[in-house]
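These protein sequences, in sequence, are chains F and S.
Sequential numbering of the first sequence, starting at 1, is according to the numbering used here.
Sequential numbering of the second sequence, starting at 1, is according to the numbering used here.
Because the hints were derived from the structure by calculation, they are not lab data.
In this text, a Cβ means the ideal position worked out from N, Cα and C, and glycines have one as well.
Heads up, some of the hints might be wrong.
Claimed, not checked - Ranges between beta-carbon positions, derived for each pair:
1) S:ARG110 with F:LEU384: 54 to 60 angstroms
2) S:GLU308 with F:LEU80: 52 to 58 angstroms
3) S:GLU207 with F:GLY409: 36 to 42 angstroms
4) S:ASP102 with F:ALA344: 23 to 29 angstroms
5) S:LEU23 with F:ARG317: 53 to 59 angstroms
6) S:SER61 with F:SER366: 54 to 60 angstroms
7) S:SER28 with F:LEU80: 57 to 63 angstroms
8) S:ASP102 with F:LEU80: 52 to 58 angstroms
To be verified - List time: in silico DSSO-like cross-link candidates among lysine-lysine, alpha-carbon distance up to 27 angstroms:
9) F:LYS343 with S:LYS60
10) S:LYS209 with F:LYS388
11) S:LYS60 with S:LYS209
So you can see what is in the structure, the chains are spelled out below.
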Amino acid sequence: MATSARASDLQLPPALQLQSERIQGLARAAGLDFEKLDFRLLDAHDVNGVAAYGGFPTRYPSWRFGMEFERLEKTRQYGLSRIYELVINTEPVVAYLVKTNSHLEQKLVIAHVCGHADFFKHNSWFASTDRGMLDRMGWHSNLVRQAMDREGQDTVESFLDTALSLETLIDPYLPLRRRLGADVRNASNPPTFDVLGFLATHAPLPQWKRELLEMVRSEAYYFQPQRMTKIMNEGWASFWHARLLTGGVLSDSEIVDFADCHSGATADSPGRVNPYKLGIELFRSAFEQGLDIFRLRRIHNDASLIDLLVDAEFVERQKLFLYGTNAKTGRTEVVERDPARVKARLIQDLSWGGLPQIELVSVGESPTRMLELRHHHDGRDLELDAAKATLLCVERLWGAPVRLATREGGEARNLIARHGEATVEDAVE
Amino acid sequence: MLRIEADRARFREIVRGRIRADLKRYLSTSELFARRGDRAVSVPIPQIELPRLRFGDNHKSGVGQGAGERGDSVDASDGEPGSGSAGEGSAEHALEVEVELDELAAMLGRELELPFIQPRGRHSILCEGGRYDHIRSRGPDSLRHTRRTFKEALIRTVASGQWDPKNPKVVPLREDYRFRANRPRPMPHSSAVIIHMMDVSGSMGREQKEIVRIQAFWIDTWLRSQYDQIEVMYIVHDAAAKIVDRESFFHLRESGGTKISSAYELCLAQIQTRYRPEDWNIYAFHYSDGDNWSARDTERCMTLLRDELIPRVNQFCYGQVKSAYGSGQFKKDLDESLAGEDRLVTAAVNDRSDISEAIRAFLGKGR
Numbered sequence: 001m002a003t004s005a006r007a008s009d010l011q012l013p014p015a016l017q018l019q020s021e022r023i024q025g026l027a028r029a030a031g032l033d034f035e036k037l038d039f040r041l042l043d044a045h046d047v048n049g050v051a052a053y054g055g056f057p058t059r060y061p062s063w064r065f066g067m068e069f070e071r072l073e074k075t076r077q078y079g080l081s082r083i084y085e086l087v088i089n090t091e092p093v094v095a096y097l098v099k100t101n102s103h104l105e106q107k108l109v110i111a112h113v114c115g116h117a118d119f120f121k122h123n124s125w126f127a128s129t130d131r132g133m134l135d136r137m138g139w140h141s142n143l144v145r146q147a148m149d150r151e152g153q154d155t156v157e158s159f160l161d162t163a164l165s166l167e168t169l170i171d172p173y174l175p176l177r178r179r180l181g182a183d184v185r186n187a188s189n190p191p192t193f194d195v196l197g198f199l200a201t202h203a204p205l206p207q208w209k210r211e212l213l214e215m216v217r218s219e220a221y222y223f224q225p226q227r228m229t230k231i232m233n234e235g236w237a238s239f240w241h242a243r244l245l246t247g248g249v250l251s252d253s254e255i256v257d258f259a260d261c262h263s264g265a266t267a268d269s270p271g272r273v274n275p276y277k278l279g280i281e282l283f284r285s286a287f288e289q290g291l292d293i294f295r296l297r298r299i300h301n302d303a304s305l306i307d308l309l310v311d312a313e314f315v316e317r318q319k320l321f322l323y324g325t326n327a328k329t330g331r332t333e334v335v336e337r338d339p340a341r342v343k344a345r346l347i348q349d350l351s352w353g354g355l356p357q358i359e360l361v362s363v364g365e366s367p368t369r370m371l372e373l374r375h376h377h378d379g380r381d382l383e384l385d386a387a388k389a390t391l392l393c394v395e396r397l398w399g400a401p402v403r404l405a406t407r408e409g410g411e412a413r414n415l416i417a418r419h420g421e422a423t424v425e426d427a428v429e
Numbered sequence: 001m002l003r004i005e006a007d008r009a010r011f012r013e014i015v016r017g018r019i020r021a022d023l024k025r026y027l028s029t030s031e032l033f034a035r036r037g038d039r040a041v042s043v044p045i046p047q048i049e050l051p052r053l054r055f056g057d058n059h060k061s062g063v064g065q066g067a068g069e070r071g072d073s074v075d076a077s078d079g080e081p082g083s084g085s086a087g088e089g090s091a092e093h094a095l096e097v098e099v100e101l102d103e104l105a106a107m108l109g110r111e112l113e114l115p116f117i118q119p120r121g122r123h124s125i126l127c128e129g130g131r132y133d134h135i136r137s138r139g140p141d142s143l144r145h146t147r148r149t150f151k152e153a154l155i156r157t158v159a160s161g162q163w164d165p166k167n168p169k170v171v172p173l174r175e176d177y178r179f180r181a182n183r184p185r186p187m188p189h190s191s192a193v194i195i196h197m198m199d200v201s202g203s204m205g206r207e208q209k210e211i212v213r214i215q216a217f218w219i220d221t222w223l224r225s226q227y228d229q230i231e232v233m234y235i236v237h238d239a240a241a242k243i244v245d246r247e248s249f250f251h252l253r254e255s256g257g258t259k260i261s262s263a264y265e266l267c268l269a270q271i272q273t274r275y276r277p278e279d280w281n282i283y284a285f286h287y288s289d290g291d292n293w294s295a296r297d298t299e300r301c302m303t304l305l306r307d308e309l310i311p312r313v314n315q316f317c318y319g320q321v322k323s324a325y326g327s328g329q330f331k332k333d334l335d336e337s338l339a340g341e342d343r344l345v346t347a348a349v350n351d352r353s354d355i356s357e358a359i360r361a362f363l364g365k366g367r
């Protein structure tokens, strides 16, 4: 642990311990199945510290985590938002609770954590994640520190920044394909979506850079399922905390506070979808229709679950709408409520982890060795400035020019990074 | 949470580097000014972002949830949900980073190559603290000096004839104990007063005041870093002068004529009654658009400056801010009739980009 607190300080006080056992018993009786839960009690400041590291206090040093911490601390101090709980997909499942939560909130959060833990264990997207990630993160941290000792902090830091710019260039379906027995030996050779994997194997890099790149890749694959199941995961946990708590855990006097706390977390927030709200409604709707929700939580991700469950009635009942920018006023406003289009947009926003689909098509012949990337354009343009800067990062790693074929405003475009300069060219289709 | 603090420190270091590189820009904006606390300024910086391949957001659109008719705005409530773990869509938040005023002053000093001021230090006060380079026979155990204690014990043992070379045992007694101690030492102590005078007559507009305000902020910041103790006094004047608090100094808008001598007289009176030049380093700044009421009053100002004010102050600075009505005579008059005075500095500020030059002129002499 990175905190200086003694282990005994982190444990739940006896009253909560008792509640925790009771809630876990109820959860298991209701059909949830999860590994041992390891609750740790921290104050809000320390929880922010853990959250800044993505949940892993053993993580490697980087200014980015410091920045995230700074942001979390500011929003906490200004009272804009607070973290109630933080659950890590490891074995045992580590869950950080915040000391300042009220007794009721702690009960709610413990029930919520049971839902997450069950989800981690049973959702197929999580099946191939490394449950020993806490140790692996510590090992990564050593890797970075050793590299820093040898190469200097600035050198390592700037390489890491370059590598992290590419952490989205992975194939979210690769772990699942591997698990289902597909032949993935050539999965990182072109054509492939695992651009990071290709670079880690084939880019002309010294050993330490290769190791760090491989590290960035493995962490990216570890976090990817959480991106793809955010709505389901939160929905599942919220569905169960509501059921468990109203099913006997709460005393009568706590019901109103519970409702307040619960509705705060699952409130509408116009302008974007609250994953807690949408998720819980999806599972409720499935439950009412008599579907096997345990099976749903096992085989789906956000996009596929929405595809299955969202229909005209759901869109109407949940008051989902499409918003867009009014060209005249510059305001963001409600555009329409047509169920089919709302659903299509929702799925589009969630598929591929909400990221553009970038494929490594081919590698050019020596001596140019031009790396050919392709953006599978689905109507949404790339942010071109960011794309240019990212391509330069790819070029820096690959050591040769890089070309990305994409579209802008309906026109085909090539982005080219060569000799540290990025340009945009019209492309012939 | 020691490790996250190390990362936070690293982040702040990077941010400071950015502020330093961008100081020229901060020098001409009022961004920092409004965020000043007692010891630190919170500097707004855009969140540093790693480039990523992502979708453009020039046409903001997506799926939302809630009531509302076609055409209703959804901008208003962009609130975060009540709970959740580390969020992702956080890129647009600007960050605020606290920078100590001393550090900001150091950055300013480096950027404008300002010399350190040699205060006309008159006081030396005894200061507690200092280094622990002294020994005494009383003190807390945490400060016990083992070697010296044993040495004392050994001396006592030998002197009292108890020393037995075959059984060289030395047991310190209470009286042998020695402790590290600090010695109070004299430290030079200097104090300074800054007197800001501003013309608030009708011709000084909002932009002119803003320029004055930015300048005053940086001047304060620098001088504060140079003195242990600093007081700031604000005087505004049109046809008559009065002392005001900081808030009004920057926001007051008077109208009417301009009699610069009124401010100088008030300033002189304050120096005579409150800030004796023997005890204080005095800095007087006057900002105006340079239009004075009459040539006679200008004449009066010159006399006041030459005979009374300038001999008493470390430096008298006059900044002429160009207003919508153009620039007045006053700077020219000053430069001509008080040409030989090296404690007088004048500067013309046409717009915000001249601010850093003016600051350099005012503070560049190290006086």
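Now the hints, each set against the structure:
1. S:ARG110 with F:LEU384: 54 to 60 angstroms: Between S:ARG110 and F:LEU384, where Cβ atoms are some 37 angstroms apart, the hint is violated.
2. S:GLU308 with F:LEU80: 52 to 58 angstroms: Given range 52 to 58 angstroms: holds, Cβ gap about 55 angstroms.
3. S:GLU207 with F:GLY409: 36 to 42 angstroms: Given a distance of about 40 angstroms, which is inside 36 to 42 angstroms, the answer is holds.
4. S:ASP102 with F:ALA344: 23 to 29 angstroms: violated, 57 angstroms
5. S:LEU23 with F:ARG317: 53 to 59 angstroms: Check passed, 56 angstroms falls within 53 to 59 angstroms.
6. S:SER61 with F:SER366: 54 to 60 angstroms: violated, 44 angstroms
7. S:SER28 with F:LEU80: 57 to 63 angstroms: violated, 31 angstroms
8. S:ASP102 with F:LEU80: 52 to 58 angstroms: violated, 30 angstroms
9. F:LYS343 with S:LYS60: Satisfied, since the Cα-Cα distance of roughly 18 angstroms is no more than 27 angstroms.
10. S:LYS209 with F:LYS388: Not satisfied, since the Cα-Cα distance of roughly 42 angstroms exceeds 27 angstroms.
11. S:LYS60 with S:LYS209: violated, 39 angstroms
Of the numbered hints listed earlier, those contradicted by the structure are 1, 4, 6, 7, 8, 10 and 11.
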